[in-house]
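Engineer: Please construct the entire structure, taking both the sequences and the accompanying hints into account.
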Amino acid sequence: MTIDSGFNHITVLLDEAVEALAVRPDGCYLDGTFGRGGHSRLILSQLGPDGRLLGFDKDPQAIATGQTLAAEDGRFVVVQRSFAELGSEVVERGLAGKVSGVLLDLGVSSPQLDDPERGFSFLNDGPLDMRMDPSRGISAAEFVNTAPVEEIARVFKEYGEERFSGRMARAVAERRDIKPFERTADLAEVLKVANPAWEKGKNPATRAFQGLRIHVNNELGDLEAGLEAALECLEVGGRLVVISFHSLEDRIVKLFMRKLVKGEADNLPRNLPVRHVAFEPKIKVHGKAQSASEAELKANPRSRSAIMRVAEKLR
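Numbering that gives the first Met the number 0 puts the sequence shown at residues 0 to 314.
Keep in mind that the hints were calculated from the coordinates and are not lab data. Possibly wrong hints are sitting among the right ones.
With a Cα cut of at most 20 Å, we get these calculated SDA-like pairs of lysine to any residue [claimed, not checked]:
hint, residue 1, residue 2
1, LYS253, PHE142
2, LYS199, ARG162
3, LYS253, GLU295
4, LYS178, ASP124
5, LYS253, LYS191
6, LYS156, ASP124
7, LYS97, ALA21
8, LYS191, ASP176
9, LYS201, ASP185
10, LYS199, PHE142
11, LYS97, ASP185
12, LYS297, PRO24
13, LYS258, LEU230
14, LYS253, ASN217
15, LYS261, HIS245
16, LYS201, GLY220
17, LYS261, LYS287
18, LYS283, ARG314
19, LYS191, ARG166
20, LYS201, GLU157
21, LYS258, GLY220
22, LYS191, ARG257
23, LYS281, ALA21
24, LYS258, ASP221
25, LYS97, GLU311
26, LYS201, LEU112
27, LYS201, PHE142
28, LYS201, LEU296
29, LYS156, PRO115
30, LYS297, ILE9
31, LYS253, PRO280
32, LYS191, PRO115
33, LYS287, ARG257
34, LYS178, LYS191
35, LYS283, ALA21
Structural biologist: Below, the structure is given as structure tokens:
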């Protein structure tokens, strides 16, 4: 698939994330969210001839960009899979326990948001799709046109944190009985009218659209699976760097790291005999959560919600 160069992507926390990986020239690294390759290119610039980088992405347009990079640099390989599947990919390649660092830059990319044909945004009318991989799963249109109203309300509330989820879901169900939804602007208008309390500076459909996107792409489920897989594939001393863009993602990352810092015994039932090693932490967290600098915020307003967390595998 061809790439439209009119849609630009500015990599968030580029230097900070790659610095946090502590790249070794001969190391093996995973970029779990290749996107348009900003992080990958910087990692490759720090690798020596024996270094390796494996990129993952679900988006066919990102894969096309990755394949171009792979043709230019033999140290890089890209695969069209979710980072939730990185564990099996690493095993197939004989890299289990040998990976020096994993980078996960979560959320949706600017090219996806800015291209109306992808259906991620209500700002420009387009087909109501929202899938990062349009060849898999159901589209947002299929979901809102067929799901029970209770399920739509749950998605709006749980993933979009929309307090008027029930009211907005009922409005969707009432309208789809008259005419199914096909376009982003159509759905956004129905959601806007159904939302009784607009937040200043925010489109009334914003939270519901976020919820739909997260649900359609199983983003939180992929994140939970991807974090576990990343920890397993890392070598001792390997780094895990995660950049999240909303509270639901960051909460999962924070709790995951907190659990492993406390050790396995902290999560076991009381009075259960455990070995001493179970009290030892599996990771250590490096520094505090980091946000974009003032300079980056001015250059790229979409970086305002970015939060980066870094951990190192101890055992």
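Engineer: Now tell me if each hint is right for this structure.
Structural biologist: Hints and how they fare:
1. LYS253 - PHE142: violated (30 Å)
2. LYS199 - ARG162: holds (16 Å)
3. LYS253 - GLU295: Outside the cut-off at roughly 23 Å; violated.
4. LYS178 - ASP124: Holds, at about 17 Å.
5. LYS253 - LYS191: Violated: LYS253 and LYS191 sit about 33 Å apart, past 20 Å.
6. LYS156 - ASP124: violated (24 Å)
7. LYS97 - ALA21: Roughly 15 Å between the alpha carbons, so the hint for LYS97 and ALA21 holds.
8. LYS191 - ASP176: Holds. LYS191 to ASP176 sits at ~18 Å (cutoff 20 Å).
9. LYS201 - ASP185: Judged against 20 Å, a Cα distance of about 18 Å means the pair holds.
10. LYS199 - PHE142: violated (29 Å)
11. LYS97 - ASP185: violated (49 Å)
12. LYS297 - PRO24: With a Cα-Cα distance of about 33 Å, the restraint between LYS297 and PRO24 is violated, given a limit of 20 Å.
13. LYS258 - LEU230: Cα-Cα ~13 Å, so holds.
14. LYS253 - ASN217: holds (19 Å)
15. LYS261 - HIS245: violated (25 Å)
16. LYS201 - GLY220: Given that 20 Å is the threshold and the Cα spacing comes to 27 Å, the pair is violated.
17. LYS261 - LYS287: holds (17 Å)
18. LYS283 - ARG314: Satisfied, since the Cα-Cα distance of roughly 10 Å is no more than 20 Å.
19. LYS191 - ARG166: Judged against 20 Å, a Cα distance of about 11 Å means the pair holds.
20. LYS201 - GLU157: Distance ~19 Å between LYS201 and GLU157 Cα, so the pair holds.
21. LYS258 - GLY220: holds (18 Å)
22. LYS191 - ARG257: Judged against 20 Å, a Cα distance of about 38 Å means the pair is violated.
23. LYS281 - ALA21: This hinted pair holds, its Cα atoms lying about 19 Å apart.
24. LYS258 - ASP221: holds (18 Å)
25. LYS97 - GLU311: Roughly 14 Å between the alpha carbons, so the hint for LYS97 and GLU311 holds.
26. LYS201 - LEU112: holds (16 Å)
27. LYS201 - PHE142: Status violated; Cα separation ~24 Å.
28. LYS201 - LEU296: Judged against 20 Å, a Cα distance of about 18 Å means the pair holds.
29. LYS156 - PRO115: violated (25 Å)
30. LYS297 - ILE9: Roughly 12 Å separates the two Cα atoms, so the pair holds.
31. LYS253 - PRO280: holds (15 Å)
32. LYS191 - PRO115: holds (19 Å)
33. LYS287 - ARG257: Measuring from Cα to Cα gives roughly 12 Å; hence the hint holds.
34. LYS178 - LYS191: holds (17 Å)
35. LYS283 - ALA21: The hint holds at about 15 Å.
Comparing the model with each earlier hint shows violations of hints 1, 3, 5, 6, 10, 11, 12, 15, 16, 22, 27 and 29; every other hint is respected.
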